[in-house]
Amino acid sequence: MAKKYGMIIDLHKCVGCGACDLACKSENNTPIGINWASHTTETHGVFPKVSYEHIPTLCNHCEDAPCVRVCPTLAMHYNDDGLVVHDPSICIGCKSCMLADPYGVIHFNIVDAFMVDIHDDSSIVKGGTFSKKELSDKSNAPFPNFNAARGAEGYEAIRGKGTVEKCTFCDHRVKEGLAPACVVACPADARIFGDLNDENSEISKTLLLYKSKTLLPERGTKPKVFYVRNYN
Amino acid sequence: MHLLWDIRVSLDLFLGGLGVGAFLVGAVLFFIDARLYESIIKKAFIIAPIMVMTGLLMLLSELGRPMNVIKTIYAVNPTSFMSIGIFVQSVFVAVALLVAFSTLSKKIKDINKVLVYITVSLAGLVGLYHGFLLTGISIEPWNNALPVMFLTSSVIAGSSLVFLLSVDKMDELFTNLKLPVVINLVLTLQFAAVFIWVYNLALTSASSRHIYEVLMSGFGMEFWVLSVLVGIVIPAGLLTFVLLKQVSFKVVALPVFVMMIAGSFFFKNLVVYLGQAI
Amino acid sequence: MSLNRRDFIKTTAATAAVASSMSFFSTEAEAKIGELAYEGEVGKWISSTCQGCTSWCPIQGLVVDGKVIKVRGNPNSPAQRICPRPHLALQQVYDPDRVKTPLKRINPEKGRGIDPQFVPITWDEAINTIAEKIMNLIDTGETHKFLLMRGRYTYMREIIYGTFPKLIGSPNSISHSALCAEAENFGRYYTEGLWGYSDVDFDNTKYLLAWGWDGIASNRQTPWFIKQMGGLMDRARITCIDPRFSATAAKADKWLPVIPGMDGALAVAFAHIILAEGRWNKTFVGNFEDGKNYFVAGSEVPAEVMVEDKLVPVVFNEIHTNGVVAWWNLELKDRTPEWAEKLCGISAEDIKTVARDFAAAGSRAISWVSPGAAMQIRGGFSSMAGHALNGLVGSVDAEGGILEYSSVPHAHTPDVKPYIDSRFKNSLKQHKIDQRGTKDLPALKEKSGGGVVTSRVAKGVLEENPYDIKVALSYWNNFVFSSMGTKDWEKAMAKIPFYAHITTNLTEMSMFADIVLPAKMHMFERYGYLYTKQNLQSYMSIHQPMIKPYADAKTDETEVPFMIAQALAKKGFDLPLKYYQENFKDPETGKTPQTPEEFDLYAVKFYTKPVWDGSSNQKGDTINSWNELLEKGVWKTKKFVPGHKIDKFKTATKKFEFFSETLKKAMSGHAEKHSMSLDEAFEAANYTCRGEVSFVPHYEPPVRHGDEGTYPFIVFDHRSRLNREGRSQNTPWYYDMLDVDPGGECNKDVMKINPLDGKKYGLNNGDKIRITTMFGSVESEVKLWEGVRPGTCVKCYGQGHWAYGRVGSENFGSKPRGYNNNEIYCYDWERLSGSSPRHGGHTRAKIEKI
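Residue numbers (my numbering), protein chains in the order written: chain P, 1 to 232; chain Y, 1001 to 1278; chain U, 2001 to 2850.
Hints in this document: simulated from the structure, not taken from any laboratory.
Do not take every clue at face value.
Stated by the list, open to error - Below 27 angstroms or equal to it, Euclidean Cα-Cα: the simulated BS3-like pairs (lysine-lysine) are:
1) U/Lys2352 to P/Lys213
2) P/Lys49 to U/Lys2352
3) P/Lys49 to U/Lys2748
4) P/Lys126 to U/Lys2815
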């Protein structure tokens, strides 16, 4: 049977630390301002009866994805495992997907990311401290901690100007049998990733155990990111 | 705020609308009396592809990777209005150019009628597509009223442009075609479409109601004054005065056409903007 | 040739693709999550240690093509996980503003905002200059005028901090510890006899009373607590006492927003209820002989009572504690919840409920004091009071309770005495520059002057008391920024005639340096080791150079002192070099270190030998070679078994002390040293207690600088979960994620006030404000937030650098980004421990819109 990957985020376990967001940044080479894994936070109540909620967010890899529906070239498409992924080589950069996406998880590259890292040769002490360009040159990469493996599967390791990008459920890792970066980085083990079509998978079993929620269910997008339990 | 679709998209919809509207009015006159309206039809058929192409250029400049547009020929998504629209527009531009060349090289009455039939059908589709492009995104501000609303807006603006370029023929148009009646008819249709749009916003869901409130509170000037008053109500009123013989058509024709063109732009721009203001 | 961007990415992708895929961790050792393991990635995972806080987590970096590109928790460590902070270290090690070569100052004028005009020099020139300055001190017999300051450290500190100053004749090894948590340690030491950080048995805990403890966000064992939190919420009640709605408060059952500095009042009220209602742990503390409860609110325990017309003495058979009756009589009898309510802002009802629930959990109830509740001007007793609650419920050294920990084997530093030049005898006897143990600064770590008073160094230098400092060397520190008294520090650093800073970045401190030496970044570039604990397992974690630094950097703690020793030897003073060469031979080959690199390696092998030579295998993990330690990265003990410390506490009575004979002894020593009475000693230390109450945990009115009329807000601070102590503020990721702190705002440094105060003072979200105290005036932006009490305002510590780099400061060298909380705080101390009261609460502020 075909795979149908999904993710559970257990809000009871989540402590809102942001390790997922940062691990995603190192895994996927996202520039500042573009976070595939992100979060929303809210403080409720009135002092001293205060409560707080942190909800990690990412692409929901919807079964009925509005971004795929409107993409004129199917650059945004479902892969064989049901992940919603993007092929920048045929993207025309029309941003329809971003307009159609009710979750705000698709991002547009207005400029070529990390160009500053490659070209900025200014430094605070001439000859005494580095410049971005010097680190880029020394590391033979846009920036030293650049993760080339992100681009190894025909996908651009850094998405260029004029195209959109979003969470791919780390499809490049999943192909290798690895869990997405945010999942392995979660210190609270709050994320479960797996095959929804396999009834013995941890994700399927957990979905039976708890009542789950998805974001904006009224949109009928059938998200595959599920939230169980409450932050507090 | 950074707009995903800025004024260039509005300009595409507006200029494309002008082109489509111009072709539609040209074709109507062509089938009524190609000889009598020769000069008007000529102008209409020539400006139609120019306007649509200019609009498309605007749109291309908005795209992140315009060179990839060529790939839309084989990378097709049947559920994407943009994907279908690109084909419809391309074919329209191609045949409209053919018509335009025919217009320049021979007498209007000698132009192949079948070609005009095909082109005018495509023009209608393109006119509808402008609305569907937004409606297909499926967000509250861009509801189902848009295709008709944009089409009528395009017809009004496109014909206004053609007539503006033919002020010398104003008398003929007035007497032969009862132009104020026809225009008021279309304006009424347009008004109805706008009403449906707003009505849908106000009543469909909580989030669309929110858009309605944003529209009324934040964009009152742009909506009520520039789009409704300037684009529909004042022209309709002035033309009614003409019909009541209170004023001559010649006096109001120029401001009416200019207002209707401007109203079309303001309106389309407002709709495009509102879709992203949430 | 200029490479275009696309080629760039292609070539590097190709490089990575051909890099071999290897994993030397067995599949079982790798933590599995969901159905997909995370082994088999391109590159090699190499072990090291994160020091973004004092959790000191074993980590691994994925090294591809000579570069570290991501980090994860070391699967061999107890927690196996990491918090968000190690990820930021990638941008720290690859910070484009790092110093890449030694620098020399050209501009002799020193001060904030003055460009030092640094120019690159060679290591030879830099080290020779330093050695020359030291030789001058030796020649003039003033070696005590040499000052060494350290901030963060690995245990390789023994070289530069433990031995080097002694070897060149200076008593001045000054650590950062008093900026850290000494007041917290004070409370534990004078009740339980432990000068160290507790561990807890969360697996079996039923109640957590968290005093300013924000364990899922900061310090210590952070990833372990994060991992535990969900389960802990299921098993236990969590009450968070914090003036700010913290990350932990967000997960807790109850948040008690105590007024800053009033923790002591709250703690004694809890104790009052526990005793008055007979809820203490009778098997740990003991009971009245007749089983009646004589702890009656408002009265002392009577010496004798009438029983059947006979006067019978009231006897309390105390078991594992000391002085519970004295504590009641001297302090607790009047400390009712109603009394406390007025002071601490927590309702009497809440105090009663929490005290009852806490006591009901008995020996599985933990009262955990962290620096927020202790690092206050009179916080020493708050710290004691908070910790003493564990004694009342008997959770000290109990299953599910608060615990001590096992030790980790390591080699001890070889004796330096035989290598100390006889000329240094007098210099080494001199008092230290931090004025510890002076009349007003007891710094009672075990004895008068036993602890450091870090922030007092500035005063010592400025007053030339006890003498002037001529040469200073410091590493991994930034006291000009991180210590209170920033203005005094700036003046003091400008006054020192010669100062060399070993650092990764040009910090505020470096801006006063004559020589700047580039340091290797601890996580990825150098050797070192640490030991600490997580979840009842103590462990040793190794640092190793997984990448070669792009900078011409050296290891601050080992290579630099060795190079100075070599230079001194060339100048005719060879004792330090002899000490290092003769005592730190390669434990495997016996080879004498000839180069700094060899010394660095041999020294770390020397210290860690007891865990890698197999001799500690029976105490924990099995490791049989140096290479195996490098591969595994971690050696851990067996699980700590509670129950063996009771009645063997390192206190004067061996008991858990409510009446601290230990403190009495230490303070008596201090008073005698200065020929004072005990009452005078407490007065000099700025405490209000007189008489015997001084030796039981008691309430002390907090010090607040500034009057309420002019300065209506009590200003205090908190830490971001992204603060790598003070070292992540030049990383773009830090700013991009700041909203992971409750109340935080990305890319901003906001002062948080309650919306009611916003209304009162006409302030709205995003308004630019001026915050003024008696000590300074700064600009910020306001955020209205319900997570802070009206009348108080709170801002995160960490931003506001005017140096450090171009991300951390708005204009490097002059204009800060945000502001540094220390700029508006008083310059004062918790004097019993010598601590800097770094969490605020002691200073009042006014806020004006600008």
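To see whether the hints hold, each was checked on the structure:
1. Proposed proximity of U/Lys2352 and P/Lys213 is contradicted: the alpha carbons are some 38 angstroms apart, above 27 angstroms.
2. Restraint check for P/Lys49 and U/Lys2352: the C-alpha separation of about 18 angstroms stays at or below 27 angstroms, so the hint holds.
3. The suggested pairing of P/Lys49 with U/Lys2748 holds, with an alpha-carbon distance near 26 angstroms, which does not exceed 27 angstroms.
4. For the given pair, P/Lys126 sits about 20 angstroms from U/Lys2815 by alpha-carbon distance, which is consistent with the 27 angstroms threshold.
In the structure shown, a violation is registered for the earlier hint numbered 1 alone.
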